[in-house]
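So the protein sequences, as listed, match chains A and B.
Numbering-wise, the working numbering puts 78 at position 21 of the first sequence, and it's gapless, one number per residue.
Numbering-wise, the working numbering puts 30 at position 25 of the second sequence, and it's gapless, one number per residue.
Calculated from the structure, these hints are not laboratory results.
There's no promise every hint is true.
Simulated coverage check for chain B against chain A, where a stretch passes if three residues somewhere in it have a Cβ under 8 angstroms from a Cβ of chain A [to be verified]:
id, segment
1, 43-55
2, 99-111
3, 139-152
This structure is a prediction, so every number in the text was calculated from the model and none was measured.
Where a beta carbon is used, it is the ideal one built from N, C-alpha and C, also for glycine.
One letter stands for each residue in the lines below.
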Amino acid sequence: MTSSPVLPRTPEQTVQAFLDAFGRHDVEAALAAAGPQVSVTVHPLGIGGTGADTLRKVLADLVRAFPDLLISVSRIVTTGDVVTALVKTEGTQSADYAGAINQEKHLDIDQAWRFVISNGLITDVTAYWCQAQLYRRLAVKRYDEIAIA
Amino acid sequence: MTTLNGIPRTTAGSAAGVVSEFFDRYRAHDVEAMTGLCSVNADFSYVPVELWGKQRVLRGDGKVRTVGKPLWTGLIASFPDLSLTVHTITSNDDGDVVAQVDIEGTQQRPWGLVAPAGRHYREPHLFIFHVGADLLIDSITAYWNDAGISQQLGHNEVD
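Using the sequences plus the hints, can you model the full thing?
What follows is the structure, given as structure tokens:
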């Protein structure tokens with residue numbers, strides 16, 4: 058019996074593997090597409106750091122707060138080693154998220170995730186979305202009183 | 006311009022060059038020149054632009070000439086020192102261009118629901134362009150965190 062050689066993934070395949078796993082709520086499988094020193098920037102959450110734990114928290118918080126989380130990819134743009142995914146994230150809030158208390162509101166928000174790929178692994182991920190749109194849907198009224206319904 | 010059998014062909018380099026020029030013109034506050042780099046029917050989508058009313062929701066979607074141009078003009082009027090810093094531009098031979106850009110300015114006039122208080126904002130943006138074979142931009146999409154801008158300007162109401 059011979060084993061099949063593991064073919065190197067293209068940057069787009071790496072990102073697709075990440076998004077597929079995240080869409081299945083399989084955070085650990087998503088993290089397997091990222092390098093151990095992945096740089097993580099999530100502008101709307103004020104997150105900037107490195108390492109799998111930083112990315113794990115970003116993904117796990119979403120899955121925990123929105124157990125029916127649905128990730129729909131509308132477009133993937135590959136520009137060299139950079140892959141940009143335009144996605145819609147939907148779900149029903151079931152736990153506090155980003156300071157917003159759970160009022161069982163439905164979230165639907167357009168996001169852009171920009172990935173840098175090296176040797177088949179994500180080495181840099183930067184996420185863009187509008188936190189005003191997110192808070193609007195979760196019935197938050199003020200940025201300085203996010204936890205007050 | 007690169008050609009293939011005499012037909013103009015976009016390359017990653019030429020597409021990135023068009024977008025770089027677009028941001029130079031933006032930095033110069035030359036909205037007419039920015040628009041001049043876009044095709045007549047260029048699509049436009051500023052995803053965070055969303056104003057909820059009692060009976061309707063207004064969004065920043067449409068065409069460069071009918072939605073984008075007024076937004077650029079209004080932004081520059083409200084932030085007369087508006088500037089931008091391009092951090093990265095990546096592109097491909099299909100004419101897709103992705104740019105990470107910080108936009109900043111000091112508010113002098115109302116902007117949306119935000120009253121002017123002379124405050125400064127700086128916010129990261131991600132732009133996704135498509136540049137056609139005629140080396141004109143035919144699609145612009147942008148993402149940023151509008152809550153970040155509101156808070157920096159001292160406006161703490163979500164709506």
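Let me make sure I understand: some of the numbered hints might not hold for this structure. Which ones are they, in numerical order? none
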